[in-house]
Amino acid sequence: MAELSYRDAVSRAIAQEMDRDPSVVLLGEDIGAAGGVFKATVGLLERFGPERVRDTPISEQAILGAAMGAAMTGLRPIAEIMFADFFAVCWDIVANQIAKSSYMTAGQVSFPLVIRSGNGGGLRFGAQHSQAVENWAMAIPGLKVVAPSNPADVIGLFAAAVRDPDPVMFFEAKGLYATKGEVPDGELVDTLGTAKVLRSGTDATIVALAAMVPRALAAAEVLAARGIDSTVVDVRSLVPLDTQTILREVSATGRMFTVEENPRLCGWGAELVSIVAEECFDDLDGPPLRITTPHIPLPSADALEDLAIPSVERIISTIERAMQS
Amino acid sequence: MSAPTDDITVAKGPPGVDPAILHRPGGSVDAPTQLALYRQMVRMRKFEKRAYDLFLQNLVKGTSHLSLGQEAIAAAFGVAMDEKDYTFATYRGHAHTLARGTSMTGVMGELLGRSCGVLSGKGGSMHLTDVKRGVMGSYAIVGAHLTIALGAAWSAKHRGDPRVAVAFFGDGTTNIGAFHESLNLAAVWKLPVVFVCENNLYMEYTPIRTVTAVDNPAADRASAYGLDSIVVDGNDADAMYLTARECLERARSGGGPSLIEARTYRTSGHSRADPGKYKPEEEVAAWAAYDPIDLYRARLLAHGVGEADLDAVDETADSDVQTATVEAQASPPPGLDLLMHHVWSDGGSSWRN
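The listed protein sequences derive, respectively, from chains A and B. If you're matching positions, the first sequence starts at 5 in the working numbering and goes up one per residue. If you're matching positions, the second sequence starts at 4 in the working numbering and goes up one per residue.
Calculated from the structure, these hints are not laboratory results. In this text, a Cβ means the ideal position worked out from N, Cα and C, and glycines have one as well. Accuracy of the hints is not assured; some may be wrong.
[Claimed, not checked] Which chain A residues stay away from chain B? Per the calculated CB distances, all over 12 Å, these:
id: 1; residue: Gly-39
id: 2; residue: Glu-64
id: 3; residue: Leu-79
id: 4; residue: Phe-87
id: 5; residue: Lys-104
id: 6; residue: Asp-168
id: 7; residue: Asp-194
id: 8; residue: Pro-244
id: 9; residue: Asp-306
[Claimed, not checked] Below, computed lysine-lysine pairings styled on DSSO-like, alpha-carbon distance capped at 30 Å:
id: 10; chain 1: B; residue 1: Lys-87; chain 2: B; residue 2: Lys-52
id: 11; chain 1: B; residue 1: Lys-64; chain 2: B; residue 2: Lys-49
id: 12; chain 1: A; residue 1: Lys-43; chain 2: B; residue 2: Lys-64
id: 13; chain 1: B; residue 1: Lys-64; chain 2: A; residue 2: Lys-104
id: 14; chain 1: B; residue 1: Lys-135; chain 2: B; residue 2: Lys-49
id: 15; chain 1: B; residue 1: Lys-49; chain 2: B; residue 2: Lys-282
id: 16; chain 1: A; residue 1: Lys-104; chain 2: B; residue 2: Lys-193
id: 17; chain 1: A; residue 1: Lys-104; chain 2: B; residue 2: Lys-15
id: 18; chain 1: B; residue 1: Lys-280; chain 2: B; residue 2: Lys-87
id: 19; chain 1: B; residue 1: Lys-193; chain 2: B; residue 2: Lys-15
id: 20; chain 1: B; residue 1: Lys-282; chain 2: A; residue 2: Lys-104
id: 21; chain 1: B; residue 1: Lys-15; chain 2: B; residue 2: Lys-64
id: 22; chain 1: B; residue 1: Lys-64; chain 2: B; residue 2: Lys-52
id: 23; chain 1: A; residue 1: Lys-184; chain 2: A; residue 2: Lys-43
id: 24; chain 1: A; residue 1: Lys-184; chain 2: A; residue 2: Lys-200
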């Protein structure tokens, strides 16, 4: 067991998979010699060489197209899109090409590839380098969507993503890169499509993802001291979605609160609310509530960005108010 | 049908193209190869004419894009490529798919939405794919597949596999970003990929020259990526074949990518819905007199190939098209269970437990 930062967990995860499987290759902007703009790929070029760790030009379509073409012909590429906002310039390759081609060809081709990206806000980067876009990916049939909240999950879920035979969108929470957590020694491999119960309570179930998970846990501690005992579920994987765990935990407390960094409309929590409403309505003691970033682009200034993204305080006050009424 | 009047063993060049800019590849094409080229072109032509008849009968639904008049390009690569090389085609990809040996029944069945289709009816005319024969897909978003082709070329090079990837695309593609990203990265990584621009003068309904800053939309951009500028007569099957062989060989021997601009003409409209009224009559007439199949047939006859031999090729193609039509029409629609299959590589579509 060692303490590792979220960013170092990314490079350890990539190294673990590149060590294991020679068909795993890495490509993206500044990922090699520079070690990544978030320093999440430090040391990989030196360790695996320029044939397997390839710096690219600023050509997001070519990066993802190269990954797709390589995946359909025997390699297992890991492509980096530096900031998740940049998916807007290469979304065709994601949404039309990678996601649809297995279906269109009746299964003649498949795409064992991982697309990693720094997602979400909290670093004062402004509207074009901060948005949480996991709900974009979730809306596309044919993509698996993963967003880990801690270093151990980064490694385990990343390994599962690389070994998965289908395309996986792996959203790394930019705001968590510097955070640390305990990570077991040795090879870690987790399972996609599994949510995790991080805290068990009796009064309310808080369902969170990625950077919102530590905030949900912190809020739950404060709420407990005020007499509201909460369960916290880390969704971890939006596709496949572990609805069994979520429905079970929501049914047990009778209340669901989602904590989402994505903007309000059609955020992943809306789908969860719909599933809960359809499948465990009779177990509910009150309406499911969504705590989200408002439906706005993210502002840059500290005070404004902090106001936009769900904070520990907002989670506490929303839940407290709802539970009291 | 109008046979060229001058020496047909040397093509006079496509209408409106200064012969001085045309790439004149070295070497010669032997008789069996010439017959193979002729056979390919005739099969493509007859297949697409039949497909058009079936549209008019409303048996082919949705849309479809014919490459009538452009057959020499797909045929040349079909004959020149190694069996295992990769083809990446566009939504105008019937000919490029047939060129790799994909069954006519499979392609016709796909157009008709039948279970015998190469994609079991799930893809349709614009997405023909036959991985067993190296047809790695037909892509309907302009430019995207150039990036995918470079990925397949990267993979081949990385794995030490001698395969070459060939991406076919239209002149309109030269103005989209993916074209430029692909050429640059393929050149920087020196990848075994051949980019083939089929310049048929029209970007859908709009003359390409009216929306492009240079005269030769692909070739004039080549130098920006350190590539040779190659304009070739896309209606001359021999010139196309020799150019294809040259570029495939360069790619296979580590010489990196090539960009070919093949000058040709789409004698049909852009798609099923387009009668092509925007084309000037004189232009249509000039290119009709420069039809790649007419040109080649006359050349083969001049080279001493017997008329009966060519007629036999024509008749076999007619009969193959007829068989494919009958088989496809007799094939049932796809099983309804297919709707929910093939989202994932395990064959399923589940997104939750």
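* Asked: Against which earlier hints does the structure fall short, listed by number upward?
  -> 2, 3, 5, 6, 8, 12, 17, 18, 19, 20 and 21
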